[in-house]
Amino acid sequence: MALPAEVDLNPAPPPAEPAAPVAPEVAGRSPSRLAWARLKKDRVAVVSAAVIVLMLVIALGAPLIEWAYGIGPYDDFKARLDRFGMPLGYAGGIDGDHWFGVEPHLGRDIFIRLVYGMRTSLLIATAAATLTSVIGVLVGLAAGFLGRWVDAILGWVMDFALAMPFMVFALAVVPTVALRFYGPRDDIPPLFRGVVLVGIFAVFGWTGTARLVRGQVISLREREFIEAARAAGAGLGHMLFKQLLPNLWAPILISFSLALPSYVTAEAALSFLDVGMVEPVPDFGRMINKSINYLQSDPAYVFFPGITIFVMVLAFNLFGDALRDALDPRSSR
Amino acid sequence: MRTRAASAAGAALALLLLAACTENKGEGPSVDVNRQSTGVIATDPAQSRGPAAEVAGAAKGGTFHILRQSAISHLDPQRIYSFVGLMTAPLYSRFLTTWKDDGKGHLTLVGDLAETPGTDVNKDCKTWEFKIKDGVKYEDGSAITAKDIAYGISRAFSPDYSGGPTYVQEWLADSPQFDKAWDFKANKGSFPPGLTAPDDKTLRFTFAKGHCDLPFAVSLPYTAPVPQAKDTGLGLDTQPFSSGPYKVTKNTVGTEIVLERNTNWDPATDPVRHQYPDRFVWTFGADPDAQANRIIADSGDDQTALGWGGVPASLVGTTINNASLKSRSILSPTPSANRLTINTLRVTDVNIRRALNYAIDRDGLIKSLGGDTVAAPMTTLMPSSTLGFVNYDAYPAGPSGNVEKAKELLAGKTPELVLGVLDTDAETGAQLEANLEKAGFKITVKLIPADAKLDETSKKNNPWDLYIDSWAADWPSGASILPVLFDGRTIKDAGNNNRSYLNDDKINVEFDRVLAMDPAAQGPEWAKLDKKLMEDDAPAVPLYVDVAYYLHGSKAGGIFVSSIFGYPSFVDAHVKS
Amino acid sequence: MFRFVVKRLLSAVLVLFAVTMLSFLMFFALPGDPVSGMCPKNCTAERLERVRVELGLREPKLVQYAGYVKGIFVGRDLGTAQGGHCDAPCLGFSYVRSEAVTDTFKRVLPVTLSIVIPAAVLWLVLGVGLGMISALRRGTLLDRLAVGFALTGASLQLYFVGAVLLLVFTYTLRWIPVPHYTPLLEDPLDWASGLVLAWMALAFLFSAIYARLSRAQMLETLSEDFVRTARAKGLSSWQVHGRHALRAAITPLVTIAGLDVGSALGGTFITETTFGLQGLGRTTVDAVHGGDLPTVMGTVILASVFVVVANIVVDLLYAVIDPRVRLR
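Chains as they are written, first to last, in my numbering: chain E, 1 to 333; chain R, 1 to 577; chain S, 1 to 328.
No lab work stands behind these hints, which were simulated from the structure alone.
Any given hint could be a false lead.
[What the hints assert, rightly or not] Here are some chain E residues the structure puts well away from chain R; computed CB gaps all over 10 angstroms: (1) Asp42; (2) Ala45; (3) Pro63; (4) Tyr74; (5) Leu88; (6) Leu106; (7) Leu146; (8) Arg230; (9) Pro280; (10) Phe310.
[Unchecked claim] Pairs of lysine-lysine, DSS-like flavour, derived with a Cα cap of 30 angstroms: (11) S:Lys7 / R:Lys185; (12) R:Lys123 / R:Lys506; (13) R:Lys250 / S:Lys106; (14) R:Lys407 / R:Lys531; (15) R:Lys180 / S:Lys106; (16) S:Lys70 / R:Lys459; (17) R:Lys326 / R:Lys555; (18) R:Lys230 / S:Lys106; (19) R:Lys492 / S:Lys61; (20) R:Lys506 / R:Lys492; (21) R:Lys460 / S:Lys61.
These numbers were taken from a predicted model, which means no experiment stands behind them.
By construction, the Cβ of each residue, glycine as well, lies at the ideal position given by its N, Cα and C atoms.
Construct all of the structure, not just a fragment, from the sequences and the given hints.
Below, the structure is given as structure tokens:
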């Protein structure tokens, strides 16, 4: 599932059975084309996909938007603040120059920081979701198909990864790990912090997918088409990647699409506890968490990032649901 | 039920819309930051006698609440050094001397347990004598003796009870390694060399060198009396043995501390404390936002409460112009001075240091910190609350700095400097980076984990050029600021307070000259030295003093911000009926 | 059955052992210095060094670890600065809090338990109930409302919901007192009123997730063969839905619920921070920021114990609920 209230990197696997084996084709329409057709007809799926695409375009096109808007994410406008650091004028300083107003205290433009912040968040979430899916699929395939001691060991590693309290580790490791890789006077590029976050997510986040894939593989393992391939003397690589994997795309895709928003929110939650990306790099999560304190004194500051993350996560969730319905006709509405 | 929920949501929405749609024209009260301390050492023993003058409008009874996020680290008076500890200790402990403070910078040092703030027996500051008052008692009714005070000070020698100030220990041992010079555990029951209690009423300090600041130094909680029979070791940290107007009756570590009246405390012996509320209750857990919101809501117990965390900068926008909160707010500058320390071992060119002083945008920095309710600009090394303070600006560049002037001094060079800031202050780092880069510097911000920073920047060969330091002197004299921070002869390999690592012989000689003077005459000399340091050496960029902004409940009274430590004092606290 | 339990326990012990080992090495090798927090001003290098020796921080890492593990099982003697002898299970002494770590836990664990257990009951009943109803009444307005609720809840952030709840119910309307903790046995009413906001926030978000899960699960189960068989056998719809379908649909939920509760018991970091409650989560956050290593280590161990135990309980429950599962 998508967002767990506290941070949970192992979203529960969506309840979907493995799709029918690819091999027997009767009507000449492959399941993936069937799914695509179903997805196209689903209005919710189309709208949420459009929102996601729009956000991706904004994130990737941030420098272009900066060029057109004329204000960069690091420019500050202290003259727009009063003696207490609050934005002058109406609704957090909204006007023609600053579409969403300016940040209290630091005086930077909210709109352009939101655009760049979305870029940071989506990059981290996508990288983390991809990495965890890859690790999860590989481990799940190996554990499920090879069984025996491989399964036993990987199962134990899974238990181990689950038992390690993610939050404590993230809290303790993220701020200090840079000290080991960089000299005391070196500039630490923001990319490094991002990589550390993705790494932490990867270390703790793969078990969900691995469990899911393992379960699917176990139920597929005994089916005829695998037996047939085995009898034909197919190699291990062929069995795993040519026979099994194509039948696992549906659950993997669904779990990926639901993992993505959970990493967006996990990153935001880490910023809430002061780990995550650091100033002055624009970051969605930190922006939201900082803004919440201004709920009473500068609601406009809370509104724009808040509504954006809500819409973003909602779109991902809706799309994930639609995808599941499309790929797994039996659970469709 | 649904309509009620809807109306709740509606009310909140209306509130937010109201906040969003009012034009902010930038009005608000201002902080009197230029007030100056006047301080004297009481010469008339009558000033040290009780009872303390009644507080206008104060009544007895009620429970006074204090809200704080995290627990108080130590209650054991010998181990107290945090601000919250320093402000709480007077409720349950008495010291050798103490400050009479009106909260507006007018200070008098008086005897607390002692009849006077000390006698300099031979007028060379080497031998000091204190006479203990009659009628001073512990919570169990037994009398407080000079021996108990000596025992308390000897406890402070033990590394097991570390954490507190170390002035008296170092002066008695004449060495910073005082716990090597005299081992508390091995000599339990006897007193360190130079500390004697010839009878129950007399306490005598004998130092190898003169220490004219002793009357100030014994106003800190480590001079609280502890009877040896009542020393429970680490137990005193949660359950101290009271000599003050209140005693700890319940202490749930990390959750709550309840202090109730100590009936054996005699107001006639105490020049500063009162005993108005029936009890004080500390409640831990609520963060500063929650504290402020509770105090603003002003319901139930919160009507008699103070939020220790003050008003967070994010809420100032709603509170500062709220007329109904005006009578419940306290806005006051504090003596906590913040500076951008320049590591002079690395930044050896004094013109670069001067350029930094011209470049600094104090106005922008203060806005980024939270504005006028959080900080007030300063251009001197000592805060304005120091005795004898004279204001000056050695590098006048206006409130936002003078980038051109800085570039001129740099003469086309681009110094590459590394600025170390706490990982919790990343925003300040970003602000300073943007500010200084405009003036032609190349700044790299390095985040240092909060728990390691003090240790790292106090190492002589630390790798950073700039870092933010703050200093809150233990008493408002230049003697507890300038020599501590800038005497080059004290530089060690690690654990330095002189984190500019400045070692200027001309300045060091001046330190010796002023320290040998009568404390009452030192004030103007420190002010002159402050200016000389900035003009000749520019070892730091003075930034700002902390400003205290507190709210209290409508029925809480008598709270003022201590002129010594800059935090709320409870000696006059009372509950309004 | 017995063999399964023994195997499961052995593996769990091994996991816990590995967790302590890894976290010990990681934390005590980190650059932050646990000692510098002990003397705020005027510390000399020599004094700091002696404190480090006193605390055993100069011993080899492996010796320190052995001492730590010994402390857990049989207790150990700590220096006088750390309160002398420390009885088993000894998790060390926090020099930041000047308190044995186990004493800290005795105090803060009830807070976290009081937050998590009622909230979990609430979110399970609410979430599963809502999911079931909307699955059985598929396509109706009720179903749409439930789905909308679930999607909204699943897309909101806990700290956001918490901040709004506090602003509306506590600060503006003043219907609910400021979140605080009173032990249940001392004053049940005060206990509940102090925690109700935390329960609401947690239950809202989690039940949204469970509603989505259980709806999908139920829909799926309803289309399974055995349900059709049951219907064909002429069982009443109550028997079909209540006995057969619910039971099958709830099985996967048990795993998820078990793990969620297990990991929540290890600390509801965000809930406790948002509502200012001093439970295990907030204690951990403070300990990490304050460089309080013994407390951090202790919470790691405690949290992993909860997860591991939850895992075992889930496995056993699985066997009880789902007749198809045979424990090997």
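Here is what the structure says about each hint:
1. Asp42: holds (32 angstroms)
2. Ala45: holds (31 angstroms)
3. Pro63: holds (20 angstroms)
4. Tyr74: violated (7 angstroms)
5. Leu88: violated (5 angstroms)
6. Leu106: violated (5 angstroms)
7. Leu146: holds (43 angstroms)
8. Arg230: Correct as stated: the minimum Cβ-Cβ distance to chain R is 55 angstroms, above 10 angstroms.
9. Pro280: Its Cβ does come within 10 angstroms of chain R, the nearest being 4 angstroms, so this is violated.
10. Phe310: The assertion about E:Phe310 holds, with a minimum of 16 angstroms to chain R.
11. S:Lys7 / R:Lys185: violated (52 angstroms)
12. R:Lys123 / R:Lys506: holds (28 angstroms)
13. R:Lys250 / S:Lys106: Judged against 30 angstroms, a Cα distance of about 17 angstroms means the pair holds.
14. R:Lys407 / R:Lys531: This hinted pair holds, its Cα atoms lying about 23 angstroms apart.
15. R:Lys180 / S:Lys106: The given pair, whose Cα atoms are some 38 angstroms apart, is violated under the 30 angstroms limit.
16. S:Lys70 / R:Lys459: violated (36 angstroms)
17. R:Lys326 / R:Lys555: Holds. R:Lys326 to R:Lys555 sits at ~14 angstroms (cutoff 30 angstroms).
18. R:Lys230 / S:Lys106: holds (27 angstroms)
19. R:Lys492 / S:Lys61: holds (29 angstroms)
20. R:Lys506 / R:Lys492: Roughly 20 angstroms separates the two Cα atoms, so the pair holds.
21. R:Lys460 / S:Lys61: At roughly 28 angstroms apart (the allowed maximum being 30 angstroms), S:Lys61 and R:Lys460 satisfy the hint.
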